[in-house]
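Residue numbers (the numbering used here), protein chains in the order written: chain A, 1 to 157; chain B, 158 to 600; chain C, 601 to 904; chain D, 905 to 1238.
Derived by calculation from the structure, the hints in this document are not laboratory data. C-beta: ideal position from N, C-alpha, C; glycine also. Some hints here could point you the wrong way.
Pair ranges (Cβ atoms, derived) [stated by the list, open to error]:
| no. | chain 1 | residue 1 | chain 2 | residue 2 | range |
| --- | --- | --- | --- | --- | --- |
| 1 | B | E254 | D | E1175 | 53 to 59 Å |
| 2 | D | R1107 | B | E216 | 51 to 57 Å |
| 3 | B | E296 | A | A151 | 55 to 61 Å |
| 4 | B | P289 | C | G686 | 57 to 63 Å |
| 5 | A | D53 | D | T1046 | 31 to 37 Å |
| 6 | D | P1074 | B | H593 | 29 to 35 Å |
| 7 | B | S342 | C | Q631 | 53 to 59 Å |
Simulated crosslink set (BS3-like; lysine-lysine; CA at most 25 Å straight-line) [claimed, not checked]:
| no. | chain 1 | residue 1 | chain 2 | residue 2 |
| --- | --- | --- | --- | --- |
| 8 | B | K330 | B | K579 |
| 9 | B | K466 | B | K563 |
| 10 | B | K563 | D | K1072 |
| 11 | D | K907 | D | K1072 |
| 12 | B | K466 | B | K330 |
| 13 | B | K598 | B | K564 |
| 14 | B | K579 | D | K1124 |
| 15 | D | K1110 | B | K579 |
| 16 | C | K683 | C | K761 |
| 17 | B | K228 | B | K424 |
| 18 | C | K774 | C | K761 |
| 19 | B | K457 | B | K588 |
| 20 | B | K330 | B | K457 |
| 21 | D | K1072 | B | K564 |
| 22 | D | K1124 | B | K159 |
The residues making up each chain are set out below.
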Amino acid sequence: MRMVSFTLNGKPAVALVGLVESLRDVLREQLHVHSVKAGCGQGGCGSCTVLMDGEPIVSCLLSAALAEGREITTVDGIGTPTSLHPLQQAFYDNFAAQCGFCTAGMITVAKALLDHNPHPTRAEILEALSGNLCRCTGYLPIIRAIEDAAARMDGGR
Amino acid sequence: MKQLGIVGQSVRRRDGIGHVTGQTQFVDDVTYPNMLWLRMVRSPAARGLIRRIDTSRAEAYPGVATVVTWKDVPNNWYTILCLIGVEPNDEPVLAQEEVMWQGEPIAAVVAETETIAREAAALVRVDIEPLPAVRDVFEALAPGAPIIKKWGTNTFMYEGMPMRRVRFGDVDKAFAEADHIIEGSYQVTPYEHAPLETQACVVKPEPDGRLTIHSNTQALYFTMDNTAIILKVPSHRLHMIGGTVGGGFGGKVDVVTEPVTAIAAMKTGRPVKWRWTRAEEFQASSTSGGWRMEYTDGVKNDGRIIARKVRALHDAGAYHRHSPYGVTKHSANLQGPYYIPNVWVDAYCVYTNRQPASALRGFGVTPASFAAEVQMDRIANTVGLDPWAIRFINAYRNGQTKAIRKKVEDATLIETLQAAAKLVNHPLPEKFLAMHSNDWKEA
Amino acid sequence: MHNGPILWSMSLGGGASGGRLRSAGEGVATQEIFIPESSETALDLLSQHGSDVFIMGGGTVGMALIGEGAVSPPLIMSLSRAKLNGVRRTDGRLEIGATTSLSRVAQLIDPPLLATAARHVGGWAIRNMATLAGNLFVPPPAGDAAVALLALDAEVVAASKGSTRVIPLAQFFKGRAQTALAPHELVVRIDVPRSAGTSAFLKFGRRLMNTPAVVTVAARVVRDDRGMCTDARIALGAAGDHPLRVMQAEAALRGRTLDSTSIEDAAAEAVRTVRPHGDALASEWFRRRMVGVYVRRALHLIGG
Amino acid sequence: MAKKRGRGLAALHYPTGMNLGGDPTQALIYAQPTGAFVVKLASTDLGQGLKTVVGQIAAEALSVPLDSVIVDTGDTDTAPHCMGTFASRATHRVGNAVMMAANEAKHALLEVAARELEASPRDLVMADGEIWVRGSPTRKTTVFAVALAAHFKHGTTISGRGIFLKPKSPLDPETGACDPDSTEAHVTTVADVEVDTETGEVRVLKLSSAYEVGRQVNPKMVEGQIVGGAVMGTGIALMESCFPGYPALEPHPASFNEYVMMGAADVPEIESVVLEYPSVDGPYGVKGVGEMTANSPLPAIVNAIHDALGVWITELPVTPEKVLRALEGTAGGT
């Protein structure tokens, strides 16, 4: 076991982690960040996507020991029910979540996309989403939600 | 159609804000202090006799609370449709004497953490003496094939018959009257439900002796009843909580997590979680069934299908689960949305030494629709009609009788054909535009 | 009772082995994870523990194997803080630190072949974690960046405590999951020399993005002012035990113009020499066919 | 490199429900003293949106605002039996049970309202949480007031019980005669594909569908099923297999890397229209739409490939290899 400290959604976090424990499991089991989902543990579905220093990673494949000193953002740090991020509002309005299991990962990667590129093309959205699987929606509502959010955020400027 | 108030409005989802903020609670988000984790040891062999199960080293591994085997299962039969008469029992909850597919559950290791359970699971030793495996449905029905079922055939027995039958009209007479006989063979291989949320449950023993079972089952009462039968406890001792599922597609109608997890919780007196790995979801959860279908259709020169004869073989894998029902559903639907006056079906539910199949979105009907609709184009091709015409000519109408002797009453095939043609700007002849699903009168 | 031989007499994994439901080995708890802060410390640790230590670059392969119980290494060393990342250009050579992420590599403007290949690995999050050197160790049908590196005549800088040697990438791969690296050696850098000619990268997968390869091809052709090929590199992924060059196909181009005839000859040579594997994505037969099609397409892209 | 285009058609029906073992679901509804209504169910939302649509059905039947309906589902201690969510049954069966319970609760509510307004229940009109006497709009009260009065003044309950049961159908083993479902939805799908004849790769360019699903309770959620099903069906047609060498047991995918399914980039253009012909026995005429949307792409795509290439590929999934082998006449076509 070793002690790891990092910034979680803007606040300091400390955890005692197992040697082969993933950041995903530490977030879920110790820090009760349940928005980070355990979809495959193989890096194949994107349900556990978080931002590390602003860049998307799959937290199932990051040894938690390596989060030391890093800034970790989950969907909880992007917006809350009383203060939805435009992406969350757009996902809600466009019925982009059905079962909801992939949704936090989708919004997290979309947040990174719009941070890097406020006006993504359809092709750039598809490339950004390529590591995230959804079995319910057929992706089109998710793609539309991201386009919608980009337009809304632009309008707010 | 009468305009209504709120019905017909695209109101936002009630769970939408929870979903987009990551706050919707799924089963895996349920956690209790002092909770144990379960990991399953599974068969590496497709078929064989179990000679020995040695759990001693796993039990001695630091952090292991218990190992559950068949000896701990009060009623070691998993026959989920037993309540509607699917019999005999054929699947153990945990393998006892033999294994029938690679991945069959044998022993559940229950430990303080998932990591410890995984490490200790590798210490369970199982000796299996291999037996010849049946991999293919044709092979299973061939003379001399290894018989893998105790009742002496490799098929499910429907009221004493090895197949589900449909007999409507006289196909042989109609074939003699047909201008064309059109044959086709079709195959669908098993595919996965692949929901993003894997199978999971958490069982907590309560002070009053009841068990609270958090589950992502698609059917709470069904799971409760089956679990009670396996645990040999009255169902009032079980309390199922669920209703929020991360994708089902039919795969979570199996009752594959709750009984063993409940036994582990009863044995240890502690809450236990079992969350399947993605590899288990792919290799050990039910799949859709494999299907091989052979069609023979008798057709008149004007395109009317006057007879259909089908032999369908469903690859159920190693055990019943929901498959006998899927074959019935298949048989009842393979005439498609058409009127066919003579239908003959023999549909077999065949067992092989494969990961068991079960229900998956479109259960039994998906392969029927696939085969029947490709068959429609073949018919059109043969008689020289276009694909639209062949469907209008054969479309069923309200009031007509299906092969299963049910009256058609909600037909709208013609209307969707007309709307689809309009959608893709495909011009239709006036005679097809004039048709509707209520234009049939009994002679 | 049947008295035949007992075939399966083994300890069974609870999870998976290489993503499978059985495990050949026994579970052992990991005793230590080393996170060296410098390459020197990493090499010290390696000299101490040698092949007992499981090395992780970005962890995108290793963590999945560990999580499924396919490997249970007693010792793990993560290189993510060993300061082995970074890109430097000297005299036209590109020196890429071993743990440079594939996302960083994908941003390189020159050589375009390498950036294109890096963009074909995984999804965005995986590319943020996966390292360029790590891509040399992933078995086919993964390993697209390694294919481009082969076509670029890249060299692997391998270090052990107190010494460093350079291994041409073409001599680095020795078999499936086998390399020329000694137990105490570590890949610390990958050097890409300035390369001449025109190149093309193509990948055929079963879906359009984030897919393992049916086949990957990286080709580079150098032509003189008369259009004669003076040199060629044709590297393939998913066409054998490891990323490989098809030298017979390269030879088929030398001294000829790049036209339909020479391209057909090169493609035929490639098909003849490769030994692809069949897997869930493609059969051996189909992969061989696609080697021909994709070598031809890549060379036509270059030719045009 | 040759690319050939083709168009294929498929026209399907899909049954709602499966009652060969009987197919019941129950619902309970009660009013809280301040006029909110709680719908008690043991039904499951898989993501298709059951919690939302039963709220709409309850609000419609009760003539109360949607916001005042609480849907509480998923607990066997607190709610009566539901067979489960499968067989495209939930909106139909659960919806029917909820509508029946809502009608009974509304009847109880109007009985109390009638006492409060000194009128006959038959003369009362109700909308948006208000109740008044027909023709005398000033003689009115609110659901809030009536619920409060029922509990504290009249000592009566405002509640309703609902059940839907399609009784078990006997099946004649000799002829297969049976009544296995409640109603049928329909679809016609047109698939446009492009096939690379060198690699066998099939790209679905567009799926155009006309659906008929009875009454839509929530059209955007019906569209969600149509789009999601179209993408899943495209994957089943072209990519997905647990046993790519079927019937061989190996290879046997264990990860999303090996098990090929649709990613965002693979999604074709999807266009659909929805017709509404109310069913005979669905709540407000609904039919089930959950499963069928993944079905029509399979034959439509295979028929489109035939249109493009002139060969029938009758074994799913239609991998590039199968297309290539069919083109060469080596295997795969029958």
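Here is how each hint holds up against the structure:
1. B:E254 with D:E1175: 53 to 59 Å: Since E254 (chain B) and E1175 (chain D) have Cβ atoms about 56 Å apart, the given range 53 to 59 Å holds.
2. D:R1107 with B:E216: 51 to 57 Å: Holds, at about 55 Å.
3. B:E296 with A:A151: 55 to 61 Å: holds, 58 Å
4. B:P289 with C:G686: 57 to 63 Å: At 58 Å between Cβs, range holds.
5. A:D53 with D:T1046: 31 to 37 Å: violated, 55 Å
6. D:P1074 with B:H593: 29 to 35 Å: holds, 33 Å
7. B:S342 with C:Q631: 53 to 59 Å: holds, 58 Å
8. B:K330 with B:K579: Distance of about 39 Å is beyond 25 Å: violated.
9. B:K466 with B:K563: Between K466 (chain B) and K563 (chain B) the Cα gap is close to 19 Å, so the pair holds against 25 Å.
10. B:K563 with D:K1072: Given pair K563 (chain B), K1072 (chain D) holds - Cα atoms ~14 Å apart, limit 25 Å.
11. D:K907 with D:K1072: violated, 52 Å
12. B:K466 with B:K330: Since the Cα atoms of K466 (chain B) and K330 (chain B) sit roughly 12 Å apart, the hinted pair holds (cutoff 25 Å).
13. B:K598 with B:K564: Since the Cα atoms of K598 (chain B) and K564 (chain B) sit roughly 13 Å apart, the hinted pair holds (cutoff 25 Å).
14. B:K579 with D:K1124: holds, 22 Å
15. D:K1110 with B:K579: holds, 15 Å
16. C:K683 with C:K761: Holds. K683 (chain C) to K761 (chain C) sits at ~16 Å (cutoff 25 Å).
17. B:K228 with B:K424: Satisfied, since the Cα-Cα distance of roughly 12 Å is no more than 25 Å.
18. C:K774 with C:K761: Between K774 (chain C) and K761 (chain C) the Cα gap is close to 23 Å, so the pair holds against 25 Å.
19. B:K457 with B:K588: holds, 19 Å
20. B:K330 with B:K457: holds, 13 Å
21. D:K1072 with B:K564: Holds: K1072 (chain D) and K564 (chain B) sit about 17 Å apart, inside 25 Å.
22. D:K1124 with B:K159: holds, 19 Å
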